[in-house]
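Order-wise, the sequence lines are chains A and B.
For the first sequence, the working numbering gives the first residue as 1, with consecutive numbering after it.
For the second sequence, the working numbering gives the first residue as 1001, with consecutive numbering after it.
It is worth saying that the hints were derived from the structure and are not from the lab.
Some hints here could point you the wrong way.
[As the list claims (entries may be wrong)] Here's a subset of chain A near chain B, in silico, CB distances under 7 Å, partners left out:
| # | residue |
| --- | --- |
| 1 | Leu-130 |
| 2 | Ser-235 |
| 3 | Asn-351 |
[Claimed, not checked] FRET-style restraints, in silico, Cβ to Cβ:
| # | chain 1 | residue 1 | chain 2 | residue 2 | range |
| --- | --- | --- | --- | --- | --- |
| 4 | A | Arg-79 | B | Val-1153 | 24 to 32 Å |
| 5 | B | Asp-1140 | A | Gln-363 | 35 to 43 Å |
| 6 | B | Glu-1233 | A | Arg-238 | 19 to 27 Å |
| 7 | B | Leu-1111 | A | Arg-285 | 25 to 33 Å |
| 8 | A | Asp-138 | B | Lys-1230 | 37 to 45 Å |
| 9 | A | Pro-287 | B | Arg-1188 | 23 to 31 Å |
| 10 | B | Asp-1260 | A | Arg-285 | 27 to 35 Å |
| 11 | A | Gly-314 | B | Ser-1191 | 40 to 48 Å |
| 12 | A | Ser-111 | B | Ser-1050 | 36 to 44 Å |
| 13 | B | Glu-1071 | A | Gly-13 | 27 to 35 Å |
| 14 | A | His-318 | B | Arg-1188 | 17 to 25 Å |
| 15 | B | Arg-1241 | A | Ala-250 | 53 to 61 Å |
| 16 | B | Thr-1113 | A | Arg-285 | 19 to 27 Å |
| 17 | B | Leu-1169 | A | His-318 | 48 to 56 Å |
Yeah, the Cβ is synthetic: ideal placement off N, Cα and C, and Gly gets one too.
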Amino acid sequence: MIKLLPEKCIGCGLCVKACLFGGITLDNKEPALNEYCTACGACVDVCKVGAIVLEGERSKAGHDTSLYSGIWVVAEQRRGRLQPVALELLGKARQLADARGSSVTAVLLGSGMDMHGETLIQHGADKVFLADASFLSDYRTLPAERVIGGLIEQHKPEVILFGATTMGRDLAPRIANRFRTGLTADCTGLEMSPDGLLLQTRPAFGGNIMATITTPLHRPQMATVRPGVMKAQHSPGRKGDIETVTAEPAPSDDLVHILSSVKKEQGRIALDKADVIVSGGRGLRDPRNFKLLEELAGFFSGQVGASRAAVDMGWIAHDHQVGQTGKTVRPTMYIACGISGAVQHLAGMQNSDIIVAINKDPQAPIFSIAHYALVGDMNIIVPALIEQLKSA
Amino acid sequence: MKELTIIVTVKQVPDTAEVRIDPETNSLMREGVPSIINPEDLNAVEAALSLKEQYGGTVTAVTMGPPQAQEVLEEVVAMGVDRAVLLTDRAFAGSDTLVTAFTLSRGIMKLGTFDLIICGRQAIDGDTAQVGPQVASFLDLPQVTYADRIEIVDDCAHVQRSLEDCTELVKVCLPALVTVLGGINRPRHPSLYNIEKACDETCVSIMGAGDLKVPASMLGLNASPTGVKKIFEPERTTECRYLSGDEKEMARTLINHLKDQSIL
Chain A
1 MIKLLPEKCI GCGLCVKACL FGGITLDNKE PALNEYCTAC GACVDVCKVG AIVLEGERSK
61 AGHDTSLYSG IWVVAEQRRG RLQPVALELL GKARQLADAR GSSVTAVLLG SGMDMHGETL
121 IQHGADKVFL ADASFLSDYR TLPAERVIGG LIEQHKPEVI LFGATTMGRD LAPRIANRFR
181 TGLTADCTGL EMSPDGLLLQ TRPAFGGNIM ATITTPLHRP QMATVRPGVM KAQHSPGRKG
241 DIETVTAEPA PSDDLVHILS SVKKEQGRIA LDKADVIVSG GRGLRDPRNF KLLEELAGFF
301 SGQVGASRAA VDMGWIAHDH QVGQTGKTVR PTMYIACGIS GAVQHLAGMQ NSDIIVAINK
361 DPQAPIFSIA HYALVGDMNI IVPALIEQLK SA
Chain B
1001 MKELTIIVTV KQVPDTAEVR IDPETNSLMR EGVPSIINPE DLNAVEAALS LKEQYGGTVT
1061 AVTMGPPQAQ EVLEEVVAMG VDRAVLLTDR AFAGSDTLVT AFTLSRGIMK LGTFDLIICG
1121 RQAIDGDTAQ VGPQVASFLD LPQVTYADRI EIVDDCAHVQ RSLEDCTELV KVCLPALVTV
1181 LGGINRPRHP SLYNIEKACD ETCVSIMGAG DLKVPASMLG LNASPTGVKK IFEPERTTEC
1241 RYLSGDEKEM ARTLINHLKD QSIL
């Protein structure tokens, strides 16, 4: 909790400037906290006269961090197929382990998983734990938590990475609770400090700001990363160990049964696989204008995406949404039409190879990450592009 | 089927679509940013109310937040929630998801037995989707996340989950915790009768750290394993080429550039 010592305050106002949340005010040189204070401590750091203190030490009930070592990746499979995010995480884990001088371990649960062990090693794992049992074939929270929890207890990894998929986001919070440790969701950047602190950077407040989060006193340090954010590295010659782990079912497994699983129609909307995406936002002004975007996308065999604003207004289905609460995409070309570029949207597409932005407002944030800026009305520009492409 | 005792968790959040960064001070511009109830929490409330209508029972809403978070509780009482509980205390400030879930679960334990806890999938200010599963974990409950349909069959819930590539139907024994997606339903509007109920200030009961009988060392910032090390504005490094001319010329220039780069 933040405590103010008004007698020391000189009214300089540095704290007010440092606060991102408007949580501290100075009236007549009287400092005061309000309900927006999140006790983040930013004001404490800038106060030159010691008039603001963080009361109480951080909980000393942390773990003995020296007992923990190694970077783990919880690899995901669906219907027996290894998911690309597992290999992407291994690419990152390899970098972290090399920086730390430690090793990478992949953990894979499922049934008939033998053939995936080598793949995991070739993508960066030094060791693979394979828990192979029929009751683990389809992911269920409680058995997965129990089996992976047991391995963590035994081997004490320093860092564990999960894919920020429906599986990873279902499982990681339970594991974090089990060890009373920190978990940071949807990291877009992960770095290792020399003393073993994982610097986890993620968008916050709908992506309007970035925050670097750490788990200083608790282990393992846990993070989820969305598919498409990190890059897989394939080294065919790599060698590693595969260890089979025995896992037994438990009575608590029966609290949840999967009755059926029906594959979703892939349909035309596979944004994450599209080479070209043409997206529309509020600037379309009329949902019918998505037809124009479809036509433009058609020339590139591309797909149509949308901003959250367009989806929230009911102009287009949620499946099309690109951004922090939608899909993260990385196409060869991304054409943003009438999208101002809230950071929440940018977070989902800024790694595209080429970004073309069409917007009436020359100040629109989308231009700050675009390679080509077309300042003007998309309702004129998009038809002009279509015309050009037709004649080309 | 016996009557259902349902608990819904809700959160007051800044409307992130309205949040802007002040370019001068590099800080969040709070002024004029409305506080709203987290959108998917409205879906959780709706899901709870429609189950209550089908099977009978009660719905209790719980939130943790500063005193003005009472507003979102009044809003859900106006939708038809029977009882609302605000967990508020300066000692709760700075809680990360683990400690938030711990505090919520202690509050829920004070409410007696229940059959089902329903949460929104995630809140728009953090987008972590962690608090639901962590509440389930602290209360030692099975969980079903990403639900887009809930039915009660005997002593179990049949929940349809919408995942990346498939739709999964699971059966979970009650009591359990379910997190719901925005697409599960359309939240109802407040009714006149319930708005009157919400106007009665006693419709919300308040609990502080003392009521939860939890030592301060287990609450708020000090107990949270994660900490914010740095906050900054997203970096922009791309060199942007502004195309000149009218709309037609810009279109032509772009197409020519794309051809040059063999994208076309």
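Right, here's what the structure says about each hint:
Because the beta carbon of Leu-130 of chain A sits about 23 Å from the nearest beta carbon in chain B, more than 7 Å, this interface hint is broken. Interface hint status for Ser-235 of chain A: violated, as the beta-carbon distance to the closest one in chain B is roughly 28 Å, over 7 Å. Checking Asn-351 of chain A against chain B: minimum C-beta separation of about 11 Å lies over 7 Å; hint violated. Roughly 26 Å separates the CB atoms of Arg-79 of chain A and Val-1153 of chain B, a value that falls within the hinted 24 to 32 Å.
For the pair Asp-1140 of chain B and Gln-363 of chain A, the beta carbons lie near 52 Å from each other, so the given range of 35 to 43 Å is not met. In this structure the hint that Glu-1233 of chain B and Arg-238 of chain A lie 19 to 27 Å apart at CB is violated, the actual value being about 39 Å. At about 48 Å, the beta-carbon gap between Leu-1111 of chain B and Arg-285 of chain A misses the expected band of 25 to 33 Å. The supplied range of 37 to 45 Å is met by Asp-138 of chain A and Lys-1230 of chain B, whose beta-carbon atoms lie about 40 Å from each other.
In this structure the hint that Pro-287 of chain A and Arg-1188 of chain B lie 23 to 31 Å apart at CB holds, the actual value being about 25 Å. Checked against the given bound of 27 to 35 Å, the beta carbons of Asp-1260 of chain B and Arg-285 of chain A, roughly 32 Å apart, stay inside it. Taken as a hint, the range 40 to 48 Å is violated for the pair Gly-314 of chain A and Ser-1191 of chain B, whose Cβ atoms sit roughly 24 Å apart. The hinted range of 36 to 44 Å is satisfied by Ser-111 of chain A and Ser-1050 of chain B, whose Cβ atoms lie roughly 38 Å apart.
Taking 27 to 35 Å as the suggested C-beta distance range, the pair Glu-1071 of chain B and Gly-13 of chain A conforms, at roughly 30 Å. The hinted range of 17 to 25 Å is satisfied by His-318 of chain A and Arg-1188 of chain B, whose Cβ atoms lie roughly 21 Å apart. As the Cβ distance of Arg-1241 of chain B to Ala-250 of chain A is approximately 60 Å, the hint placing it in 53 to 61 Å holds. Checked against the hint of 19 to 27 Å, the C-beta distance between Thr-1113 of chain B and Arg-285 of chain A comes to roughly 52 Å, which is inconsistent with it.
Distance hint for Leu-1169 of chain B and His-318 of chain A: a CB-CB separation of about 21 Å, inconsistent with the stated range 48 to 56 Å.
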